[in-house]
Each structure stands twice: as C-alpha cells, then as structure tokens.
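All residue numbers for the sequence shown refer to the working numbering, where the first residue is 3 and numbers rise by one.
You may find that some hints are simply not true.
Said to hold, decoys possible - Computed cross-link-like contacts, DSS-like style, restricted to lysine-lysine with a CA-CA straight-line distance of at most 25 Å:
| # | residue 1 | residue 2 |
| --- | --- | --- |
| 1 | K74 | K164 |
| 2 | K127 | K74 |
| 3 | K120 | K89 |
| 4 | K156 | K89 |
| 5 | K164 | K68 |
| 6 | K127 | K159 |
| 7 | K245 | K269 |
| 8 | K203 | K249 |
| 9 | K203 | K252 |
| 10 | K252 | K68 |
| 11 | K159 | K89 |
| 12 | K159 | K120 |
| 13 | K120 | K45 |
| 14 | K252 | K66 |
| 15 | K159 | K74 |
| 16 | K249 | K208 |
| 17 | K169 | K66 |
| 18 | K74 | K252 |
| 19 | K74 | K245 |
| 20 | K245 | K68 |
| 21 | K249 | K269 |
| 22 | K208 | K252 |
| 23 | K245 | K208 |
| 24 | K74 | K249 |
| 25 | K45 | K245 |
No wet-lab data here; the hints were simulated from the structure.
Please read these numbers as outputs of a predicted model, since none were measured by experiment.
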Amino acid sequence: MKLLLPTAAFLLLVLASCKKENTAGNTVTGNATTADTINTQLKSVARAMDGLWISDNYLSGIEKTKSIYSNKEYGTVNRLLGFTLYKDSLSTGTTELLGFTEHEGGIVYPLLYNEANKQFVYDPKRAYELDGPTQLSLYPAEGGLIEIAYTQPKSQKDRFRKIGDSKSDIDLLDETLNQMLFEGNYTDGAGNTVSFTRAGKVSGIKGIDHYYLLYDFGEGLEFDTVFFWQGESNGDRVTYHFKIDGKTIKLYATGLNEEKMEYAISKEPVFIFSRQ
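Please construct the entire structure, taking both the sequences and the accompanying hints into account.
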C-alpha cells in the first residue's frame, strides 16, 4: 500500500502539468485565431471601401431632377463631394481619406481602424492643419455605399457612392454625369440623329464633336451649362444652358453681359433633341 501513494501523487502531478500545458496552448491558439479574424475582417472592409466615391445625395439628386446646378449644395456637415480610398493602405488599418470638393484642392483625413466597431475613425495623432470636422467615423453601409457619421457639432451622416476603383481619375465623374443626363441617341427637329457618348463625344451637330457638362459653377455661369466645341482644343467652345424634360433635351443660347458679368439666356431653345 505504501508503494501506491507516491505513484498516485506522481500521476496527479503529471495530470496537473498536462492541464497547464493545454491551457497555455489554448491561449496561444485563441490569440492567433483572434488576430486572424481581425485581419480577415479588416481585409474584407478594405476591399469594400477601395475606390473613388462621390456624394450619393448629390448623384441621387441629379438623377431625380436632371439638373446639376440645383444639386450643387451637398453634404450635411462638410463640403465633401467625394474622396478616394486605397485597399492596400486600408488593409494596414492606418490610411488617409483623400477628399475633394468641386473646386481644386481638398481635405485629407488621417484614419485609424477601430476593431471594436469595425469602422475607420479620425486619427488625431496624425492631424492636418486643413482638416474639416474631425469627430467622425467611416464604414461600409447598405446598398454598397460608404457612410460617414459625424458626432460634432451634432449627429449627422453623409453617404457616398462608388463610381470607380481607386485607380480612377476624377474625370470619371464627367463620364458619370454624361451617362446620367446626355448619353444616348436623339432626333433633332429636322429628323436627323444626334448622338452623345459617355466619353463626351458628339455626332450629328455640324461643327461640333465634343461636349462637357459643367459642375464647378462660377464666373456668371449660375445655371445648368453644357459646352460644345470641335477638335481636341476647347478654346473656341460655345456655351448653352440645358434643360431636360423627360426624354427631351432643350438647349438655350447664352450671352455674356460684360457690365454685370452675368449671362443672359434666350427665351426659346435653339436646339431640341428627343431621345430615340
């Protein structure tokens, strides 16, 4: 019987040792699993947020009203027409939002990934002098959109729509507006076919082969404006005011009043194009 006591004690020590080893092993595995989960989660968010994004309120308004000028005011808190985000830097958890308005220049927001709520938040440690509102978070939203939530000065949200990947140039906005408003085949008053492409090309109008829809207003052009010209240089462009009514585009002549530095618009349209 005396020989059994040391054996039992030895077995108990071995079992206790194994239990500790298993517990330690589980802890390491748990941390690795957690890290893998966060990494996978971050990469998924990065893929969803990569791209060139434009204010959804702005684009939705243009789709509804067929007017760019009437939707030139966008955003609830910040004058942010759009921004670009890059998948590679998003995947690291530390990135920058490169924002812009309709004018030159823009806003840069340093962002840091918050694992707890799966959102990117403003990183005050990398603040810029020209930052806008800094109490914000950025995250994928329903419908493939991105949402920016501001908490100061009061709770507001802006949503943004992806129009291209992160390699896309801002010129893609031109094509997006063309597609929404002008792209297609039309018939003029004489029964001729006039075509507008998404890339800004025109056919069927004598002496014209390019067009451009204005979205940066100023210098007296305070109305929906389209420029027409021929050739690669737009130096001799002609300015028209456009109105879209259903399937019809109406173009009105404009003339500059140099004394008042404002444009006068003809009462009757010069061109009427009906979508085929």
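### Query
Has the given pair, K74 with K245, been kept, meaning a C-alpha gap of at most 25 Å?
At roughly 16 Å apart (the allowed maximum being 25 Å), K245 and K74 satisfy the hint.
### Query
Does the alpha-carbon distance linking K208 and K252 stay inside the 25 Å limit?
holds (17 Å)
### Query
Going straight from one Cα to the other, do K164 and K68 come out at no more than 25 Å?
Within the cut-off at roughly 20 Å; holds.
#### Entry: Distance restraint between K45 and K245, which requires alpha-carbon spacing of 25 Å or less
violated (44 Å)
### Query
Under the criterion that the straight-line Cα-Cα distance not exceed 25 Å, is the pair K252, K68 satisfied?
With Cα atoms ~12 Å apart, K252 and K68 stay inside 25 Å; holds.
### Query
When you check the alpha-carbon spacing of K156 and K89, does it fall within 25 Å?
violated (30 Å)
### Query
Is K249 within 25 Å of K208, Cα to Cα?
holds (22 Å)
#### Entry: Straight-line alpha-carbon gap K203 to K249, limit 25 Å
Given that 25 Å is the threshold and the Cα spacing comes to 19 Å, the pair holds.
### Query
Would the pair K74 and K252 pass a check requiring their Cα atoms to be no farther apart than 25 Å?
holds (21 Å)
### Query
Are the Cα positions of K245 and K269 separated by 25 Å at most?
It holds: about 12 Å lies between the C-alpha atoms, which stays within 25 Å.
### Query
K159 and K74: Cα distance at most 25 Å?
Given that 25 Å is the threshold and the Cα spacing comes to 18 Å, the pair holds.
### Query
Between K120 and K89, is the straight-line Cα distance small enough, at 25 Å or below?
Judged against 25 Å, a Cα distance of about 15 Å means the pair holds.
Taken one by one, the earlier hints fail for this structure at numbers 2, 4, 17, 25, listed in ascending order.
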